[in-house]
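Protein chains: 2
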Amino acid sequence: MADFKAALAADAAAVSDFLDARIGCDLHPPLADAMRYGVVGGKALRGFYVMETARLHGIGRALPVAAAIECVHAYSLIHDDLPAMDDDDMRRGRATVHKVWDDATAILAGDALQALAFELIGEADFPGDVRAALMMSLARQAGVAGMVGGQAADIAAETAAVPFTLDEIIAMQGGKTGALLTWSCMAGAMMAQADVAPLKTYGDAVGLAFQIADDVLDVTGDAAAVGKAVGKDEAAGKATFVSLLGLDGAKGRAVELVDQACDALSVYGDKGAVLKDAARFVVNRSH
Amino acid sequence: MADFKAALAADAAAVSDFLDARIGCDLHPPLADAMRYGVVGGKALRGFYVMETARLHGIGRALPVAAAIECVHAYSLIHDDLPAMDDDDMRRGRATVHKVWDDATAILAGDALQALAFELIGEADFPGDVRAALMMSLARQAGVAGMVGGQAADIAAETAAVPFTLDEIIAMQGGKTGALLTWSCMAGAMMAQADVAPLKTYGDAVGLAFQIADDVLDVTGDAAAVGKAVGKDEAAGKATFVSLLGLDGAKGRAVELVDQACDALSVYGDKGAVLKDAARFVVNRSH
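Chains as they are written, first to last, in my numbering: chain L, 1 to 287; chain Z, 1 to 287.
Among the hints, a few may not be true.
Same chains, same names: a pair is fine if it fits in one copy or spans any two.
[To be verified] List of simulated lysine-lysine pairs, DSS-like, C-alpha gap at most 30 Å: (1) Lys99 - Lys276; (2) Lys271 - Lys232; (3) Lys99 - Lys43; (4) Lys271 - Lys43; (5) Lys238 - Lys5; (6) Lys99 - Lys200; (7) Lys238 - Lys200; (8) Lys271 - Lys200.
What the hints contain is simulated information worked out from the structure, not anything from laboratory work.
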């Protein structure tokens, strides 16, 4: 696990440094400040996956692409935290963007971060076909059929007359959380124009395990360690993996998914070791 | 002017039909409804520019790209209309997205339309280099250095201690309105991998003339014809082209810009006639 944690920390630092230097706004500098605040300093798991799956294919120019996926992830968090959405005051242990600035700035910072993601991939040092494929697939995973659609379904779940079924929750989370995570895992293969199938299987399984672990943490974690409010789903009466599978059932399912994810990596031999550790970390994390 | 109006109407109908059929959401169908409501049925001036500058270069596969720019334009309007931003209840003569649904749906519909724009260009029938260049340039024009940055500056202008100068307004509007309009005009040349310079000059001039005409309409127009509230800038005490140049001065500047725009088209000979009419229409429109 030491290699994984070192890689995660190093990639997160590289992504943060890159974005810190890259983001600017001549037209209205405070907007750039809000973007930077929202995107710099995260644990950058998605960015790590871009970097690590690139390394797996011998590709070393992945940093702008890793930064791009962190821009999309950060924009989604900034918008999700808005009063009109999840209404969260805290994120990563500090005030959310709309609390530090205001709702308008948070909306615009999110909008600009989404655009920046595509700009960064567009500028990256890959052939046009590769850049176009990365951008198109990212747009698809981030949009109405992926992340945004999943987020809308999640909000609808709060007022649904009948709690979501397990299949509905899997579909919703597959969009909300899974789509970007899977894209991050496939990115390295796309950059190398190699087969994406093993990494898609890995990413889908890890993405679902990640969300199950999130539901478990929502029940067992404490807000200080998690860095945001916990117990919200239970209080809202929303169906979760824990409410549908029980705490032990949910934990067991997450472990099964991690095994599936690791099996998918067998094609890469020893080179997949760090990704296997990453999958195990996802279900064992405390925040 | 007959050819221009016919082309505008035909392109707008084609873009609307294309998007009406294209937008769907298995995860949460109401989100697709809100996206469709926000993007279908506009006058599609930016989409027209994509189609017409493509025709100018003998390119006939531009519809997905025209639809893409309308997705970006529509997302920006949906977000701008939010209570946290301009707080407008009416747009195109009917209720805004957040009035028909709610703020969360409007935020997500806008987010998904931005992603859809890149997905559509990614799917278009052009070589990878061309698609990548279109997506990267669109991201840049739509983002912090373009449209979103301009929108943030416009909001800041409302509470600025000192009213914006003419140069500051030109920079702000160049981002807020000009960036997308210029991109639309350059799109046809980018698709053909031809020189974009004449169309950039045309687009920059028309974009600025368009915004001056908007300020004039805000003073002289009536809400029913314009389809949204008028007189807001004056009531808010914001500096506008009219407050800085006077009504006649603003109208005169718009006419000069249209002349510049038309001059830039001389390289295209007679084929530029429809674009010349489009430029004249922009400053003579009543809504």
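Hint by hint, which ones does the structure fall short of? Result: hints 1, 2, 5, 6 break, sorted rising.
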